[in-house]
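Novice: Construct the complete structure from the given sequences, taking the supplied hints into account.
Numbering-wise, the sequence shown is residues 6 to 147 according to my numbering.
Below, in silico cross-link-like pairs of lysine-lysine (DSSO-like), each with a Cα-Cα straight-line distance of 30 Å or less:
| hint | residue 1 | residue 2 |
| --- | --- | --- |
| 1 | 133 | 102 |
| 2 | 24 | 102 |
| 3 | 98 | 133 |
| 4 | 124 | 102 |
Label-pair restraints from in silico Cβ distances:
| hint | residue 1 | residue 2 | range |
| --- | --- | --- | --- |
| 5 | 71 | 99 | 30 to 38 Å |
| 6 | 67 | 118 | 31 to 39 Å |
| 7 | 67 | 10 | 31 to 39 Å |
| 8 | 66 | 101 | 31 to 39 Å |
| 9 | 133 | 95 | 14 to 22 Å |
| 10 | 88 | 127 | 22 to 30 Å |
| 11 | 126 | 91 | 23 to 31 Å |
| 12 | 99 | 35 | 31 to 39 Å |
| 13 | 82 | 32 | 13 to 21 Å |
| 14 | 74 | 101 | 27 to 35 Å |
| 15 | 10 | 64 | 32 to 40 Å |
Keep in mind the hints are simulated off the structure, nothing from the lab. In this text, all values refer to a predicted model and were calculated from it rather than measured experimentally. Even glycine gets a Cβ: it sits at the ideal position worked out from N, Cα and C.
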Amino acid sequence: MPPGAETFVLDTSALLCLKQDEPGVAEVEALLHHAGRRGAVFISFMSVMELAYVLEQEEGEAAARQGIVQLKQLPVRVVESDEPLGLAAARIKAGHKLSVADAWIAATAERLGAVLVHKDPEFEPLAKLIRLRALPLKAARG
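Specialist: So this is what it looks like as structure tokens:
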């Protein structure tokens with residue numbers, strides 16, 4: 006990547022923002038268009054699972070399968086698990102109140118020195134550890 010070019014990790018919430026056309030979708034689309042073309046947009050393997058289960062819970066199994074097909078068409082690279090990443094996720098999880106999946110996603114951003122793009126306030130305490138870009142929160146469902 007060229008010097009000064011930023012790298013991004015999309016949290017599952019950013020992927021759902023894109024899929025469900027939520028506030029912040031234009032920012033995610035712009036990142037995919039510009040940074041994705043140079044191979045600088047990543048997701049954690051955990052986001053693949055999270056996307057599938059959220060879509061299945063909300064819309065059914067067929068929607069989950071379709072969501073994964075659509076994900077594979079995006080200019081993102083999946084970071085798979087390995088022992089050092091797992092240990093980094095464990096360190097992050099031990100020191101912060103966040104889900105196991107979010108610990109893996111944060112560890113992925115830390116490993117890559119990437120900006121974590123998200124809608125999840127759980128990540129805010131990690132601001133000294135990784136760079137964060139918060140997308141607008143979606144309106145509460147009523």
